[in-house]
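J.: Protein sequences, first through last, are from chains A and B.
Be aware that the first sequence starts at 99, since it is given in the working numbering, and climbs by one per residue.
Be aware that the second sequence starts at 99, since it is given in the working numbering, and climbs by one per residue.
One or more hints might be untrue.
Which copy is meant is left open, so a pair is good if it fits within one copy or across any two.
[What the hints assert, rightly or not] Okay, derived cross-link-like pairs now, DSBU-like style, lysine-lysine, Cα gap no bigger than 30 Å in a straight line:
#, residue 1, residue 2
1, K181, K110
2, K181, K121
3, K123, K225
4, K123, K181
5, K181, K165
6, K110, K121
7, K246, K235
8, K110, K165
9, K181, K141
Hints listed in this document are in silico derivations from the structure and should not be mistaken for laboratory results.
Number of protein chains: 2
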Amino acid sequence: MQPGDPPIEEPKFQVRRLQVSDKSKGFIELLQQLTVCDSVSDKDFEDRFQEISSLGDHHVICVIEDKCSGKIIATGSVFIEHKFLRNCGKVGHIEDVVVDTNTRGMQLGKKVIVFLMDHACSMGCYKVILDCSLENKAFYEKCGFKQKEIQMVKYFV
Amino acid sequence: MQPGDPPIEEPKFQVRRLQVSDKSKGFIELLQQLTVCDSVSDKDFEDRFQEISSLGDHHVICVIEDKCSGKIIATGSVFIEHKFLRNCGKVGHIEDVVVDTNTRGMQLGKKVIVFLMDHACSMGCYKVILDCSLENKAFYEKCGFKQKEIQMVKYFV
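Just chain A, with the same shape it has in the complex (with noise of 0.2 Å):
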């Protein structure tokens, strides 16, 4: 910087991977809006946080920081997945998508999804999928997804 020049404003919003502090930041409380999520003890919150790590690139978390706050505010996480077809080609997973109720209509979860989709797209991937309630179908076609197919599920709990 020159004397003189506008300071450079740190941005509101930060977007980036998880990291091990973000617990303290109100990481869990968040994915609580989303689902069933008791809360977690700070060893296996370090724990899990580290069989995910340890996948390196192939399964990224990503977090949005309101730098006033200081609370993680938005989230969503990838892995990548290996397959033999599409010539020995890779699938983007999307999961865990949510963003705080108090901070919604700001576009924050479109950038978690880009975040997620510029990640799995330098990975090489030939798509990425996720599947999502109807009324959120609207959303994700905002973000360049179309309809495909169907989940089914079945719990073992």
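Since the structure of chain A is already known, use the hints to place chain B on it.
T.: Just chain B, lined up with the frame of chain A:
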């Protein structure tokens, strides 16, 4: 065995994990019945096999070999996703299920799904999920699955 016992018959259909030698038993040709899958060189096959094998029990490909013909006649895969939600739960993702057109109606698809479900359950998953076309919904319902969400896809190529 005691003298006089009837001979133990080897089962005609062997359900097991993929082996690197299965390329010569028609594994790729079987996948070609499912979707786009050009022929794969031995080197590419071995490289991808090693990549998937390095994940151990976290990415398992099931095959059924017809011991009479020596051909792979059914396959399906499951990989285990580690999550933070659901109390640091795990989810099994079933992919690329196909049964040879000549051997359909013999419950081979169900054998593959049961193998994959049993594996996911033994790995501590709280659920298994998969995406399928509407026309295959009834088959998966017979395997104990229920329809839940919709699948969205974005192709990069």
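J.: Compare the structure with each hint and give your call.
T.: Right, here's what the structure says about each hint:
In this assembly of identical chains, K181 and K110 lie within 30 Å of each other by CA distance solely across copies; the values are 28 Å between and 39 Å within a copy. In this assembly of identical chains, K181 and K121 lie within 30 Å of each other by CA distance solely across copies; the values are 14 Å between and 33 Å within a copy. Proximity of K123 and K225 under a CA criterion of 30 Å is satisfied inter-copy only: 28 Å between copies versus 32 Å inside one chain copy. In this assembly of identical chains, K123 and K181 lie within 30 Å of each other by CA distance solely across copies; the values are 18 Å between and 36 Å within a copy.
Proximity of K181 and K165 under a CA criterion of 30 Å is satisfied inter-copy only: 25 Å between copies versus 39 Å inside one chain copy. For the identical chains of this complex, K110 and K121 are intra-copy neighbours only, at 20 Å inside a copy versus 53 Å across copies, given an alpha-carbon limit of 30 Å. When the C-alpha separation of K246 and K235 is checked against a cutoff of 30 Å, the pair qualifies both within a copy, at 11 Å, and between copies, at 14 Å. With identical chains, the CA atoms of K110 and K165 are at most 30 Å apart within one copy only, with a shortest distance of 5 Å there and 63 Å across copies.
In this homomeric assembly, K181 and K141 come within 30 Å of each other (Cα to Cα) only across copies, at 15 Å, whereas the closest approach inside a single copy is 33 Å.
The structure is consistent with each of the numbered hints, conforming to all of them.
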